[in-house]
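Engineer: Hey, can you work out the whole structure from these sequences and the hints?
Protein chains in written order, with the working numbering: chain A, 1 to 295; chain B, 1 to 312; chain C, 1 to 331.
Rather than coming from a laboratory, the hints here were simulated on the basis of the structure.
You can trust all of the hints, since none of them are fake.
Partner residues are not named here, just some residues of chain B that face chain A (Cβ under 7 Å, in silico): (1) VAL19; (2) LEU30; (3) LEU137; (4) ALA141; (5) PRO143; (6) PHE145; (7) GLY248; (8) LEU251; (9) ILE274; (10) THR289; (11) VAL293.
Below, computed lysine-lysine pairings styled on DSS-like, alpha-carbon distance capped at 30 Å: (12) C:LYS23 <-> A:LYS129; (13) C:LYS23 <-> C:LYS298; (14) C:LYS129 <-> C:LYS201; (15) C:LYS200 <-> C:LYS126; (16) A:LYS185 <-> C:LYS23; (17) C:LYS298 <-> C:LYS282; (18) C:LYS236 <-> C:LYS298; (19) C:LYS86 <-> A:LYS185; (20) C:LYS86 <-> C:LYS200; (21) C:LYS201 <-> C:LYS126; (22) C:LYS129 <-> C:LYS86; (23) C:LYS129 <-> A:LYS185.
Ideal placement from N, C-alpha and C gives every residue a C-beta, glycine not left out.
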Amino acid sequence: MSETSLQFAAVPEARDKEPSPIWGVLTAIFSSWQGISGGILFGLILFGAVFSPWLTPYDYTALDLISIMQGPNGAHFFGTDELGRDILSRVLEGARVSLYVAAASVVFSLVIGSAIGLVAGWIGGVFEKTVMRLMDAMLAFPLIVMALAIVAVLGPSMENAIIAIGITKIPHFARLMRGEVLVLKELDYVRAARVLGAGNTRILLRHILPNSVGPVLVYSSIAASQAIMTEASLSFLGLGVQPPTPSWGGMVSIGMQNFQFWWMSFYPGLAIFLAVLSFNLLGDAVRDALDARLQ
Amino acid sequence: MLGRVRGFLFQIVPLLFFVSLIAFILTDLLPGDAAIEKVGLEATQQQLEAAREELGLNDPMPVRYFTWLTNALQGDLGKSLRSGEPVTEVLLRRISVTVELAVLGTAFAVLLGVPAGILSARFRAGWIDAVINFLALSGMAIPYFWLGLLLIMLFSLGLHWVPPSGYVSFTEDPLQHLRLMALPTMTIAVAFAATMMRQTRASMLEVMTADYIRTARAKGLSERKVVLKHGLRNALVPVITVMGLQLGTLLGGAIITETVFALPGLGRMMVDGIFRRDFPIIQGALLATVIGVVLTNLATDALYRFVNPRIN
Amino acid sequence: MTEPLLRLSNVTKWFPSRQQGGKPVQAVSDVSLEVMPGEVVGLVGESGSGKSTIGQTITRLHDPDSGEISIAGIDFGGMYQRELRKHRRVVQMIFQDPSSSLNPRMRVGDIIEEGLGIHGLGGDAKARKQRVNELLELIGLPADFARRFPHQLSGGQRQRVGIARALAVEPSLLIADEAVSALDVSIQAQVISLLESLQKKLNLTMLFISHDMSVVEYISDRVAVLYLGRLVEVAKASEIFRRPLHPYTEALLSAIPTTNVKTRRKRILLEGDIPNPSDPPKGCVFSTRCPHVAEQCKSAMPPLVEVEPGRFSACMRQELFEEKSKKAEEA
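Structural biologist: Listed below in structure tokens is the structure:
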């Protein structure tokens with residue numbers, strides 16, 4: 001009886017294919033209209049940001065006091081601003097700034113927030129409760145309000161805007177990660193690792209972290225879209241990226257003082273809108289894709 | 001019952017403590033010397049020292065925090081360094097503007113967003129759904145300041161329907177007041193309406209697939225009745241909760257909107273305070289905002305538990 | 001006289017109540033048991049009996065609140081977590097749910113190898129890969145399965161990987177916590193056979209936790225019956241199924257469906273539900289549902305006494321059973 005059972009068991013019952021999981025997610029993302037349109041939009045913006053110096057004949061800092069306040073025309077597709085600079089060039093350069101700030105702040109908050117959530121969720125007890133209360137307290141501050149306050153403390157600059165925006169999103173990532181850890185802690189394979197004698201670090205890095213990546217990634221797209229919006233708002237108020245570095249929010253602010261020249265505020269604002277929209281679309285698509293896989 | 005109250009306090013007290021601590025620390029860290037702001041740059045060293053003592057700036061941080069906290073709890077938030085006016089009075093004046101903006105904006109958002117969400121859920125996966133969904137995503141992507149400016153350019157400068165900015169209180173001139181509040185309300189409502197629409201749609205979809213809806217249909221009720229009477233009532237619960245929790249986002253939008261339209265509200269108070277280095281004002285505005293959010297969240301939470309006793 | 005491999009002495013485990021201000025739940029109460037090397041002891045009970053908790057407490061997934069747990073002479077129950085890690089090889093566990101017992105992001109080979117890495121066993125990387133292949137062969141899976149991910153395996157195969165993972169560190173004691181309960185019946189048979197043959201081949205000591213009496217009957221040398229966190233009967237498998245001494249065991253066995261008319265027992269239907277574990281009955285835990293309950297049963301929980309050599313029962317009314325069994329034997 002015992003010998004046959006060993007042979008019996010050798011019949012492979014599983015499916016033989018070996019799809020790479022990442023490819024599956026990517027195809028899922030780009031099969032919905034949100035994913036496609038978001039991807040295209042984001043691609044355009046990224047392209048514009050990366051190649052901005054080469055896409056227009058003008059340098060974005062070049063003053064041309066003769067051509068100030070020109071409306072959109074053949075020479076300047078988006079018109080010129082109060083110092084004669086080509087607005088299209090400045091919008092493209094602003095794309096660089098926005099994407100950089102968004103990426104940097106998301107990375108900042110993701111790393112720090114996830115670390116906090118990971119440790120808090122794993123250790124548990126009073127430590128976790130206290131940390132989570134602190135996170136809840138931070139969440140009570142509206143994003144802009146907190147970013148404003150932090151920038152006011154640190155002084156307005158691009159780097160400080162990154163830090164400020166990053167700090168405001170830390171509690172979201174921390175909460176997310178901690179929620180994941182709480183669920184994963186109870187799963188059998190984590191218990192098995194404990195029974196095997198794995199130390200905390202090994203369990204966190206090998207078992208918990210890789211399996212909590214999904215929701216964190218989805219949230220990153222939301223965080224990025226909020227980062228762009230917050231940076232634009234800070235710059236609009238004069239507390240973000242400082243001139244002469246072009247920023248979309250800052251350009252709209254100057255445009256507001258000259259609103260008869262509508263193109264000065266219209267195009268930068270449009271850029272913000274499209275950028276945030278692209279992240280929203282992508283975020284939706286990613287979430288739908290990951291939800292479908294769980295089914 | 002007592003256990004519930006105890007549990008409730010257990011939750012809220014640490015939260016409020018941390019919140020007030022953060023608010024205090026943030027303003028404490030602001031660069032600039034409150035004493036200088038008070039007596040001016042020309043003051044002598046003696047006057048400066050006196051101001052410092054008076055403002056309690058020489059005490060260690062925990063002492064300052066507790067002094068501030070005890071004062072705040074009694075309603076004393078200090079005086080504006082610019083105008084000398086008690087911060088609490090400034091707050092009370094300005095809160096009404098922001099509250100009105102928030103309320104009007106919410107009303108507008110609900111009127112716009114909820115029906116759109118219902119429609120979207122009803123015609124799920126059809127072109128109506130796609131269009132509405134796209135509009136919602138767009139609505140959430142539009143920067144408040146850009147939208148505000150566009151509205152001003154269109155309705156004010158272009159069509160001359162309303163004045164571009166400014167504020168007049170309702171008691172002074174009701175008609176003008178409403179005309180001046182029209183554009184700011186629309187500005188703040190758009191993004192919120194988009195969120196409401198998405199939430200309503202999601203909530204309706206979840207409810208519509210439930211068994212009791214199928215029972216209602218089987219009973220022979222018209223589709224319209226099924227949707228509106230049975231589905232909506234239950235779907236609205238999470239929608240209302242989300243609505244309550246959105247106050248934070250609304251207030252963030254309010255800051256920008258008040259700046260664009262020159263409304264004398266809480267948001268403008270904070271921004272002005274930052275530019276003028278008026279620390280008590282900043283602190284007061286910060287605190288008011290945050291306490292407002294916390295209280296609304298708690299109220300929403302309590303309401304939700306009341307309506308849905310299973311969750312506990 | 002050999003020393004028991006596993007010795008539980010008056011082990012108790014409480015859990016705080018889930019609700020605010022509720023009473024704590026005593027999941028395991030005053031459990032004492034010995035398992036000899038090479039023995040298979042089946043631990044049976046219904047849900048809520050505490051059987052899984054015992055398994056988790058033995059492996060120190062939970063810490064015991066009182067009592068001692070000794071494995072291979074080591075005071076496993078009393079050690080601090082830090083020191084414990086070195087000794088963890090000595091007892092391993094096979095888990096119930098194949099869909100959550102393996103890390104979905106790890107390949108099968110790495111899953112099995114992990115224990116080796118933790119304890120520095122098996123030599124260099126090459127030697128470890130060799131060991132993994134040996135283990136795969138032992139559980140009856142082809143060597144190339146090492147590269148697969150868990151979602152590419154069936155439920156039965158995943159359970160087998162779980163067995164290999166446990167065996168990799170060469171434990172003295174193996175705890176199978178409902179190891180086959182989540183599998184289809186035909187696959188159950190395969191995995192049980194595998195466990196049985198491995199046990200014989202490697203002379204493993206096993207604690208087999210299950211609610212399925214027929215499976216337990218097949219694989220166990222001895223059986224321990226749990227009710228509401230307390231042991232009510234312990235006896236050799238062959239004897240307990242023929243002649244249960246505790247009323248609860250009797251009822252439990254009567255519920256096993258069988259087509260054999262001769263061995264089919266009269267169904268004993270128990271009244272009522274399992275009592276709330278946070279509010280256990282005073283006196284014998286089974287008193288609220290026992291068909292033979294008497295006044296004396298409600299005063300105190302009867303201790304587990306050795307009523308016959310090697311047979312333990314926690315019932316005050318032993319005399320009933322002695323009568324019955326005498327009658328049965330005469331019949």
